[in-house]
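Here the structure of chain W is known, so what remains is to put chain F in place on it, guided by the hints.
Residue numbers (this note's numbering), protein chains in the order written: chain W, 492 to 937; chain F, 492 to 937.
The hints are simulated quantities; they were obtained by calculation from the structure and are not laboratory data.
Intra- or inter-copy, both count: the list cannot distinguish identical chains.
Below, a list of computed lysine to aspartate or glutamate pairs in the EDC-like style, where the Cα atoms sit at most 16 Å apart:
1) LYS729 / GLU702
2) LYS746 / ASP798
3) LYS729 / GLU768
4) LYS882 / ASP547
5) LYS699 / ASP933
This is what each chain is made of:
2 protein chains.
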Amino acid sequence: MDPCTSTLLTDLYQLTMAQSYVEHGMEEPAVFEFFVRTMPPTRGFFIAAGLEQLVDYLEHMRVQSWELDWMRKSGRFSQAFVEYMERFRFTGHLHAMPEGTIFFAHEPIVRITAPLPQAQLVETRLINLLQYQTLVASKAARAVLAAQGAPLIDFGLRRAHGAEAGLLAARASYLAGFHGSATVLAASLFDIPVFGTMAHAFIQAHIKEVEAFEHFAESHPGNVILLIDTYQTEEGAKKVVALAPRLRRKGITIKGVRLDSGDLAAHAVQVRRILDEGGLPEVKITASGNLDEYAIQQLRAAQAPIDFFAVGTKMTVSADVPYLDCAYKLQEYAGRPCRKKSEGKATWPGRKQVYRHYSADGRIEGDVLTCEDDTQQTGEPLLQPIMEAGKRLHDLPPLTQLREYTATQLARLPERLRALERGATLEVTVSSALQQLARDVDAQLW
Amino acid sequence: MDPCTSTLLTDLYQLTMAQSYVEHGMEEPAVFEFFVRTMPPTRGFFIAAGLEQLVDYLEHMRVQSWELDWMRKSGRFSQAFVEYMERFRFTGHLHAMPEGTIFFAHEPIVRITAPLPQAQLVETRLINLLQYQTLVASKAARAVLAAQGAPLIDFGLRRAHGAEAGLLAARASYLAGFHGSATVLAASLFDIPVFGTMAHAFIQAHIKEVEAFEHFAESHPGNVILLIDTYQTEEGAKKVVALAPRLRRKGITIKGVRLDSGDLAAHAVQVRRILDEGGLPEVKITASGNLDEYAIQQLRAAQAPIDFFAVGTKMTVSADVPYLDCAYKLQEYAGRPCRKKSEGKATWPGRKQVYRHYSADGRIEGDVLTCEDDTQQTGEPLLQPIMEAGKRLHDLPPLTQLREYTATQLARLPERLRALERGATLEVTVSSALQQLARDVDAQLW
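Just chain W, with the same shape it has in the complex (with noise of 0.2 Å):
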């Protein structure tokens, strides 16, 4: 039971909103979108993800025998309603700003429009799925910025909040632009370039470090990158010295150092020094253990000789800002806009484009939120069709494309929007023509 593509994988009210629907009738076209709230204070901008994978799971959604046997056995629904799940297909429209595209708070990313059934069944996966990678692609970018065109490998499997998180993980930080991951089903899923060392317990299972540090060598002679932090650090980067002549008359050469714990900064230039020193200044140091964007800039800031940062648990679980203040919202049912009005929680009603504004240097200057069928605006329209009657209209981009595409939506950043500290972020402009929609339903509500 793969609980990725269940589509048990859902809240009890989806399915007992859904049987009312059918049951009054109420399958006319529903207008959904898929935004953020707020903006955390230390984030100036998102980056949208997780579209590819929401697209997939649209086109495949089945409810399976034991998913129907379940429900009929719960009591839970009636016999016409589960014969309404055993042929549900999802055949809406959805659309969509591209995987890479920068946004900000109240813009949508994700549109369905769709019989009122359907649109309501898909919410809870569809924030499952956009939410986490928007949320890990968001703040890998911010990595990304710190590291000034250092490569990043995504070392964050082990602590994700279970299997599919730390799986995505590795896509959505690859997609903002890092450089690769360690995760070895990623390698094989979305063809991201894999990274790898060794662990403290493969230097610890051996008597002596440098017998570690040689057996690894002879079994992988091209891929030799030694962990040399396990008893103490320049000691390990002194025996690496010692080893390298034994090694290159083996024709093996070492590729690089790791360093995983201590002052990272002043461990970098005692073993850069003991490197260069021993005749090894090609031998790479990569940098792991905690690492975030704040301390890549740091580490950055002191010019340490950091060739490669690894970046694990506080990207993968976005342990600053671990969860988006998102929500998947009705604005229009039956060709009807409407709006919620909770305190704290109102939305922009109807169906709603965004475009977007350019400064002369080709910066980011300006979005604005309106209405779809409004025409009197100007700028790029940020979403776009990409389901028809649930089918792809053609080939998502693959991953190696989405990533050049952020890099370029990273270069359009303006710098006040760059800051990694509590900073500015852009305040998107809504419309006149919006406007006036909120005002004509709040005077039809109720």
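Same frame as chain W, but now just chain F:
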């Protein structure tokens, strides 16, 4: 492809290290232990969780043919190692604290004893499974304590980090004492009681709020819980009162209302008064929206008339502590105890046991961390044999029994460890035998 069961859901270095172990004949028994290094400031205790999923994983670990194909195509592994992986079975032993056991920093909750390549290869997924459920169970237990007996429901699936996290959060929170979950798949897989009401979209899709209430009641006459905050909470409550007699004539009883926004304590007081004065004292109030143990504590202190608390995102991502400083470390190889000395990350060597002592009132008084073969200790040994030679020794207890055990564990928590804010924790005593072993190991290092 189910990522939860793929053997390639691992770090590359597990595979590269395993190949080197196999090539160098290093297949002697290794002992690894999983533990948390430090207590986060806001955690006085942890609840061990995730063992059942780990045992399932280890028993069924098989490398699929597409995974072997990927290994071959990658060019990174020897033919002999690919063949080793084709035959791979986990044949080791596992000791663990039962799920639901309270534990503290430095205490192993799982110990693996297996040929070194096996014990190494399981590391990534072992941490991935144990950390997440332990994180959520520990967070959820705090909410259970704060609720002082009021029932709690897990609403967190949508903002969980992926599919497996959402599913396992339902399990971990139920283990910790939650009443149930909104996640349907958790009901069908783990037999967890499932709960649900309606979303704002359901209200909005109807032109009149009261019509939405009525439609839902007709479709689910046995489960009428109405969401009343879509437009204005107290107005929603008045509509419920007006609707009740009409539904009663159809034989339908309103069970509850849900509040999801604004000042929950103030709204609950108003809504309770409206319901009581309207002759509906039996209608229960459920509160949701951004709840966690801190908010629940405040609502209880304010004596808000809330009957059920629905807890979502902040528990599922463990928002204030989204990861644990946990590790799975080699403690012994081929009969030789070993130890990692990296700065800030040193470990206690050897295979260990934890003995717990209780005060006269049955509360936890202190724990002793010692060598497994230390015969001088009294107290309750917490690590128990679970698997032998790759198979579970007996069935693991059903989830309901684990939930009862967790409740008895929480009852044994001393008052000082129950504080939600920065509070006390229990400093584990390291036995003199273990301290001596550490000195012996240090004397022999390198």
